[in-house]
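J.: Sequences are here, hints too, so could you generate the full structure?
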Amino acid sequence: MFFSKKKFKLASMIACGILASAIFTGCGGGEQGGSTGGDAKPAAGDEIVIGANFELTGNHAQYGANANNGLKLAIKEANDAGGVNGKKIKIVEADAKSEAAESVNAATKLISDDKVIALIGPAVTANVIAESQVATDNKVPIIAPAATNPDVTVENGQVKPFVFRSCFIDPQQSEVMAQFAAKDLNAKTAVLYLDSSSDYSKSLGKIFKERFEADGGKVVMEEAFLAKDQDFKAALTKIQTANADVIFVPAYYEEVGKIVKQARELGIIAAILGTDGWDDTKVVEIAGKDALNNTFFCTHYFDGDAEVQGFIKAYKGEYNNEPNVFAALGYDAGKMLINAIERGGDDSQKIRDNIETIKDLPVGTGKITMDAATHNPIKGIVVIETKDGVRELRAKIAPEGQK
Amino acid sequence: MDFVHQLIQQLINGVSLGSIYALIALGYTMIYGIIKLINFAHGDVYMVGAYIGFAAVTIGGLPILPALLISMALTAILGMLVERIAYKPLRHAPRISLLITAIGVSFFLEYTSMYFVTPTPRTFPEVMPNISFNVGGFIINGQQLLILSITIILMAVLTYIVQKTKLGKAMRAASFDTETAQLMGVDSDKVISMTFCIGSALAAAAGVLVGVYYNTIDPLMGIMPGLKAFVAAVLGGIGILPGAVVGGIVLGVVEALVAGFLSSTFRDAAAFAILILVLLIKPSGLFGKNTNEKV
Numbered sequence: 001m002f003f004s005k006k007k008f009k010l011a012s013m014i015a016c017g018i019l020a021s022a023i024f025t026g027c028g029g030g031e032q033g034g035s036t037g038g039d040a041k042p043a044a045g046d047e048i049v050i051g052a053n054f055e056l057t058g059n060h061a062q063y064g065a066n067a068n069n070g071l072k073l074a075i076k077e078a079n080d081a082g083g084v085n086g087k088k089i090k091i092v093e094a095d096a097k098s099e100a101a102e103s104v105n106a107a108t109k110l111i112s113d114d115k116v117i118a119l120i121g122p123a124v125t126a127n128v129i130a131e132s133q134v135a136t137d138n139k140v141p142i143i144a145p146a147a148t149n150p151d152v153t154v155e156n157g158q159v160k161p162f163v164f165r166s167c168f169i170d171p172q173q174s175e176v177m178a179q180f181a182a183k184d185l186n187a188k189t190a191v192l193y194l195d196s197s198s199d200y201s202k203s204l205g206k207i208f209k210e211r212f213e214a215d216g217g218k219v220v221m222e223e224a225f226l227a228k229d230q231d232f233k234a235a236l237t238k239i240q241t242a243n244a245d246v247i248f249v250p251a252y253y254e255e256v257g258k259i260v261k262q263a264r265e266l267g268i269i270a271a272i273l274g275t276d277g278w279d280d281t282k283v284v285e286i287a288g289k290d291a292l293n294n295t296f297f298c299t300h301y302f303d304g305d306a307e308v309q310g311f312i313k314a315y316k317g318e319y320n321n322e323p324n325v326f327a328a329l330g331y332d333a334g335k336m337l338i339n340a341i342e343r344g345g346d347d348s349q350k351i352r353d354n355i356e357t358i359k360d361l362p363v364g365t366g367k368i369t370m371d372a373a374t375h376n377p378i379k380g381i382v383v384i385e386t387k388d389g390v391r392e393l394r395a396k397i398a399p400e401g402q403k
Numbered sequence: 001m002d003f004v005h006q007l008i009q010q011l012i013n014g015v016s017l018g019s020i021y022a023l024i025a026l027g028y029t030m031i032y033g034i035i036k037l038i039n040f041a042h043g044d045v046y047m048v049g050a051y052i053g054f055a056a057v058t059i060g061g062l063p064i065l066p067a068l069l070i071s072m073a074l075t076a077i078l079g080m081l082v083e084r085i086a087y088k089p090l091r092h093a094p095r096i097s098l099l100i101t102a103i104g105v106s107f108f109l110e111y112t113s114m115y116f117v118t119p120t121p122r123t124f125p126e127v128m129p130n131i132s133f134n135v136g137g138f139i140i141n142g143q144q145l146l147i148l149s150i151t152i153i154l155m156a157v158l159t160y161i162v163q164k165t166k167l168g169k170a171m172r173a174a175s176f177d178t179e180t181a182q183l184m185g186v187d188s189d190k191v192i193s194m195t196f197c198i199g200s201a202l203a204a205a206a207g208v209l210v211g212v213y214y215n216t217i218d219p220l221m222g223i224m225p226g227l228k229a230f231v232a233a234v235l236g237g238i239g240i241l242p243g244a245v246v247g248g249i250v251l252g253v254v255e256a257l258v259a260g261f262l263s264s265t266f267r268d269a270a271a272f273a274i275l276i277l278v279l280l281i282k283p284s285g286l287f288g289k290n291t292n293e294k295v
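Chains as they are written, first to last, in the working numbering: chain A, 1 to 403; chain B, 1 to 295.
Quick caveat, the hints were computed from the structure, so don't treat them as lab data. No incorrect hints appear here.
Here are a few chain B residues that face chain A, going by a calculated C-beta distance under 7 angstroms:
1) Leu17
2) Pro119
3) Pro121
4) Tyr214
5) Ala256
6) Ala259
7) Thr265
Keep in mind it's a predicted model, so treat the numbers as computed, not measured. The beta carbon of each residue, even a glycine, is placed where N, CA and C say it ideally should be.
T.: This is the structure in structure tokens:
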């Protein structure tokens, strides 16, 4: 063994550095312990710490990042207005990396290291379901902004006590669209074109088929694609041969835009139907105005409604672009959490109880009432038609009409 | 629509998709031919090319052809930089180190881009009028013709460079035997650098064309086409230029036919089944000579 002088010097410097940092972090930890050690509840400082667990990187980053922006706007508004009950809300962000396992890691870190008293996110169903066990074990409430799968809040017929959402659920969307196709469009035959890489798309397709066939229609063909596909022409050429009255494409806007564009290029004129994944102004940019004529989708709000103007204006002011549906739902989730804290929620248990009793709360997309039996909000659903690139409200199904 | 009609329409769809695979596969196969590296970052170079083209069109306000050329030039420089920084120091390292580095470069490009351009997909503005030609009931798109013609032009230029120029001669020599070529006075570092330059420029062209044709680009757009182009390169015989072109087009057509006549669910499965079959039956690919050394 032989160290040159230079190497030895370097090694000793590194060793010193490690030692020093260990000492400093030790001190830091001690200080932290001192300030919160006396209080039983972590939220009792002058800040309320909440966790934002969103997909900031990976395949779902575009959804997670938008929902995160919506949440941050809601919290910023509350803080600018003097905080909640005199306390500022602090968001600690963690990256769910678009993977279920990473979502669990991020939630664990937020709960055990950052001592958050509530969690918002992630955006995508699978990541929320993965996270919900950690939250339940630690008794920290979650509000999932955009996870529309029924299994997110209910497991084996039992509602998960700490898991909530700020959006409607998939069966409602498919039922609304199946009825719309059968009654309003007088459709007799339909083709399903599903994203086989997404549970969202597959479960919507399944329920649509059940409802549409119960109403006397027939699903004549089922085709599939994968998220991130660019070329849909082969399957669309096949779909064209089915000559159906409507094509149901429950998928996300990036693929939807391309599917609609390429379908029209091939000369498919049938009505194309979709769900809340369509709700982004980018669809118009991708597909083009003409291609989007004769398309209909259901979503959480209509951007022409008077009651959502406040949110849209605030969002544009903050981020300088149009909010999409994920941003709106992230904002709603933030509003729900703020309301739960306002009404005396200073620890996780009380916040949970307060979320469960939310009633007629004005949020970005309208008014929300929480259904304590399912932890799904009771909320309206709208069907939107796109005409020459402009959205028009085609139908509005009131909350009472659901279930 | 009868069967023949549908078949021909699917062939049109397949060739236009396949010509994009071919452009990306060319870069793959060139780089493999010279330094025996499967450059997994190639799909991401294609993505960067698309973004540079996008910036040239939207920020620079340029028409499509100048934007394409600018993107090719800048991406070529990026390709050379990647080679210089990431691969050159590993020239004499085991090949597995090089392969792992390529995967690292791939992630680096994806997530650096995601940091700067955000994960939200961008939509290409309409840079050329979108005309569809209806030829006897078959729909051909103006953009499909553009892609096909630019692909053919670039392949012709590439063939000229490889077959007729001194650089091309040096490239062929280096791919045959790098060390011997070096002993004969070929500057192999320069040849490798130029290979990355040309390969990346082709990927950039594909990226811009895809952006124009499909209308959206995003930081992870390179992953799947990168893998498909890899299959195309193996199918044609990795390291062989005409093989990459034929492999790309065959792959595109097979995908279209599988999606059109079997089920669209099996489309990607078919693409990768081809990879497995080629490796089992004729590992040297359609155009490959049967030598023990390959693959």
